[in-house]
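**Student:** Order-wise, the sequence lines are chains A and B.
In terms of my numbering, the first sequence opens at residue 4 and continues consecutively.
In terms of my numbering, the second sequence opens at residue 121 and continues consecutively.
Some hints here could point you the wrong way.
Mimicking SDA-like on lysine to any residue, the simulated pairs with C-alpha atoms at most 25 angstroms apart in a straight line are [to be verified]:
| no. | chain 1 | residue 1 | chain 2 | residue 2 |
| --- | --- | --- | --- | --- |
| 1 | B | K138 | A | A99 |
| 2 | B | K149 | A | R75 |
| 3 | B | K149 | A | R23 |
| 4 | A | K33 | B | D237 |
| 5 | A | K32 | B | R147 |
| 6 | A | K164 | B | G736 |
| 7 | B | K177 | B | T201 |
| 8 | B | K276 | B | S452 |
| 9 | B | K609 | B | G736 |
| 10 | B | K683 | B | M737 |
| 11 | B | K564 | B | I617 |
| 12 | B | K129 | B | E594 |
| 13 | B | K149 | A | T141 |
| 14 | B | K149 | A | G52 |
| 15 | A | K172 | B | G838 |
| 16 | B | K242 | A | L53 |
| 17 | A | K164 | B | K683 |
| 18 | A | K164 | B | R147 |
Everything labelled a hint here was simulated from the structure, so no lab data went into it.
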Amino acid sequence: MTIVYEDHGDEAASEVPVRRIRFTVNGDKKIAEVEPRLLLSHLIRRGLGLTGTHMGCDTTNCGACTVLVDGRAVKSCTMLAVQVDGRDISTVEGLATASELHPLQEGFKEEHGLQCGFCTPGMMMAAKALLDENPDPTEEDVRWALSGNLCRCTGYQNIAKSVLWAAAKLRSQSGGR
Amino acid sequence: MSQALDELKIGGLGASRKRVEDNRFIRGKGNYTDDITLPGMLHMEILRSPLAHARIKSIDTSKAWQIPGVHLVLTGEMMATRNLAWMPTLSYDTQAVLATDKVRFQGQEVACVVADDPYIAKDACELIDVEYEPLPVIVNPVQAVADGAPVIRDDKENQVGNVIYDWEVGDSEGTDRAFEQADVISKLHLHYPRSHPSPIECCGSIADYNRATSKLTVYMTTQAPHIIRAAVALVAELPEHMIRIISPDIGGGFGNKVPVYPGYVCSILASILLERPVKWIEDKSGNLISTGFARDVYLDGEMALRSDGKILAVRIHTDADHGAFFSDAQPSKFKIGLMHSAFAAYDIPVAHLTARGTYTNKAPGGVAYRCSFRVTEAMFFQERMMQAAAIDLGIDQAAFRRMNFVQDDQFPHRTPFGFLTDSGQYGKCLDVGLKAAGYDDFRKRQQEARANGRLLGIGISTMTEPLGAGNSREYDILGIKMFDSAELKVHMTGKAIVRTGARGQGQGHETTWAQIVSHELGIPADDIVVEEGDTDTAPFGMGTYASRSTPVAGAAVAMVSRKIRAKARRLAAHLLEVSEEDVEWELGRFYVRSAPDRGVTIQECAMAAYSNMPDGMEPGLENTAYYDPPNLTWPFAVYIVTVEVDPETGVWDVLNMVAVDDCGIRINPMIVEGQIMGGLTEAYAMANMQFITFDAEGNCVGSNYMDYLLPTSWETPGFELHSEVVTPCPHHPIGAKGIGECAAVGGPAAFVNAVLDAISDRGVRNIDMPLLPDRVWEAITQHHDVYGAPPVRTDD
């Protein structure tokens, strides 16, 4: 692997501090050298090229950038990349296997839980955090759990249905085992 | 005899087909503008004005240039040397790209930096020194026309004062005469607050100018790529064939992504100067304070009534606050959009509308936020006025509407402002809505609740909306006629690709356009791919906004399919060795009239078009259709809301919301319902919380999602949708009407009417949106109306 930097003179380069971090993303172990001020969302999107995690507001309001860090839903625009040193990140790209969609992905398609698709990855990751904790939520539980994620297209009714669809499928799968 | 195709099974008209585009979105494999990285790409950030009105005394960019990694710092002065400091708007005005003389609203673009990395570009923006001389600030139309008001647009020769236009439509004298005959005159004055469409994805572009080929490619968040290509050709003086606009996946538009913004222009110039791709991605604050706002109109009206409830005439005056530049995105000849669609659902003999527009020190835009050009304000005023008039007359809300509706046998109906509404069953829609909402029973419940100190209310709103501009005789933008287009290429194995001049942003075009082709040709929808948004490949069209895609581009898809079928018929006759007149069509198959078992499928015709065409026939099975609609389509809807208002706090909760939408034939019912629910949510948002206001210094309150409140899944109520009433559009090839915006247009008045109904014993005629708890509480306890935008808290 080769990384080429713009040459702005040694003095300038030495002024930019760099930290080395180790982390796991969607099961793959990674090492990165990052500026301490780099946002986690930018590490994911630009550093790792995982553009399924979107950025909507940069201020922790819209939730489009939601990922899981050690299983907890986190808005990655308000976490620094250096803070994930030693931790485990899951993004939308890790939901499906090569052959099979995650029930949340199926649910969003089945129940028309998305339109423009921009909030969808964040919605699904926030929903995953909910279902990991509570496999049998009510609609009210779902609406509360997703209240940190904004959608401008759907009106949320079908998003709630999508998550409940996925919950039912996950329960039937685990019950069948 | 072969089995006829089941249209629903092949994904044709009426199938709730699962969306094709979802396959990439649910995997995080969408391709939005910010997801695109080009080799050698640089990043651009914009420096914005902190002041709403100020003269620029000096701009010092020297420190910014010194930061390692900075490639370019652009100012208005540099833009001016290339004649790019100003650009034309879509409403025959001009707008500053980068400010030269003055800044005219907070957030206006002053300079921009291009650097290796967006972090570096932002650092450099911080180091640009701008010296401002503050000027008096104007934040509403009253201030704009006050004596001694500073002239905001002193850049324009012959501009006296701050009035942009005085405009009128309708019959002034006839309306005056009708008012003289009135038994009762009802009046209403209200403000539709400034709002912002606020898609979650902000605006952005990647300009890529290639010196070797002279070609400029721009990936950008635009709902109307062909209009942008024309604008770039005119503004940047580049030849049109050397400009390629690509609109990749769009993270919501709602009208916000129709105009041309300074950021696009700067990224293009930067790429030309640097000969490298330049990416600009706006942040949320930049999006909210500088890009196309919506609404911000004061409406004053009165209604002449006979004591039996018949409406004799309506008079409306609108005072619109357009911000610093008149850049409304609308058909050019109508200064206040299609405001004169007001009262189109009611049989009113005569009406008159006057409109005045003013400049203020606020962001420009005036975009059609989920509506067909100011129809939202028109329908809101209409339904608030209907409620006020019914109360003045002492007539039941529903009965008053019903007695004044245009009746089913009156279509096509000429409205007093000159529109021709095409079809509808207004009374039937109202019946369905009232029954679903339990209207007959509600008044009793309301009385009982009130006796126990609880405030229940019910609100009705109806709407009809002119959707699908053109026709081209009346509708154009800067002279470009408003039609649309579709191209269909059927490959030899019977698979096909459709391209249109529209550009979806979540409406599901990739799914529904295929369904129209499937309906017309019997090709399974899964065998048809849809592509939009690339001006090098898509036929020319005016884009997607104002619910025009299904009425216009969707019609073009049907028409081009019919051209393909006509050619396929000739191929079928050749294959079946009969004359064309002896060939009959059923879905997906031609057969011999006298021998129905002898037939060929559309796929066999496609193969023949490339392998076995008759002598003299042009090979191939491809065509293009340009569709110029004969009229707008006129969907109708009834929205009924019941609420409970807490008398102690002014907080109100939605108990039930019923929506009865008649949008003609539904191509994909699942998608139509998704559109309705999205619109209802924005209606609820407008009524409840969503507004942008300004303090006396012109500081924008609502510049981020902490201040600009959007409803979440927690507040948003559930909706009950009804699709029983279907009135096919008589002039659309498949009978469809627009639907994307109806609920956002008609919904707000239902919520407001419901809250006012709940507190009807307090002598309150109006509370302006948003109905924040403190405003409702003020009305309940003080027994007076609450007008205007909510006041801005100050520190003292």
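**Student:** Taking the hints in turn, state whether each one holds.
**Tutor:** Tested hints:
Distance check on the hinted pair: K138(B) and A99(A) sit about 19 angstroms apart at the alpha-carbon level, within 25 angstroms; holds. At roughly 23 angstroms between alpha-carbon atoms, K149(B) and R75(A) fall within 25 angstroms of each other, so this suggested pair holds. Restraint check for K149(B) and R23(A): the C-alpha separation of about 29 angstroms exceeds 25 angstroms, so the hint is violated. For the hint linking K33(A) to D237(B), the alpha-carbon distance of about 22 angstroms falls within 25 angstroms, and the restraint holds.
For the given pair, K32(A) sits about 21 angstroms from R147(B) by alpha-carbon distance, which is consistent with the 25 angstroms threshold. A hinted pair counts as satisfied when its Cα atoms are at most 25 angstroms apart, and K164(A) with G736(B) does not qualify at roughly 57 angstroms. Under the criterion of a C-alpha separation no larger than 25 angstroms, the hint pairing K177(B) with T201(B) is consistent with the structure, at around 18 angstroms. Proposed proximity of K276(B) and S452(B) is supported: the alpha carbons are some 20 angstroms apart, at most 25 angstroms.
Simply put, K609(B) and G736(B) have alpha-carbon atoms about 20 angstroms apart, close enough for the 25 angstroms limit, and the pair holds. Under the criterion of a C-alpha separation no larger than 25 angstroms, the hint pairing K683(B) with M737(B) is consistent with the structure, at around 15 angstroms. With a C-alpha separation of about 58 angstroms, the suggested pairing of K564(B) with I617(B) is violated against the 25 angstroms cut-off. Restraint check for K129(B) and E594(B): the C-alpha separation of about 40 angstroms exceeds 25 angstroms, so the hint is violated.
Restraint check for K149(B) and T141(A): the C-alpha separation of about 30 angstroms exceeds 25 angstroms, so the hint is violated. Using a Cα cut-off of 25 angstroms, the hinted pair K149(B) and G52(A) holds, with the two alpha carbons roughly 11 angstroms apart. A threshold of 25 angstroms between alpha carbons decides the hint, and for K172(A) with G838(B) the separation of about 23 angstroms falls inside it, so the pair holds. Proximity of K242(B) to L53(A) is assessed by CA-CA distance (about 23 angstroms); at most 25 angstroms being required, the pair is judged to hold.
For a cut-off of 25 angstroms, the pair hint linking K164(A) to K683(B) is broken: about 41 angstroms separates their Cα positions. Taking the CA atoms of K164(A) and R147(B), the gap is about 19 angstroms. The hint holds against a cut of 25 angstroms.
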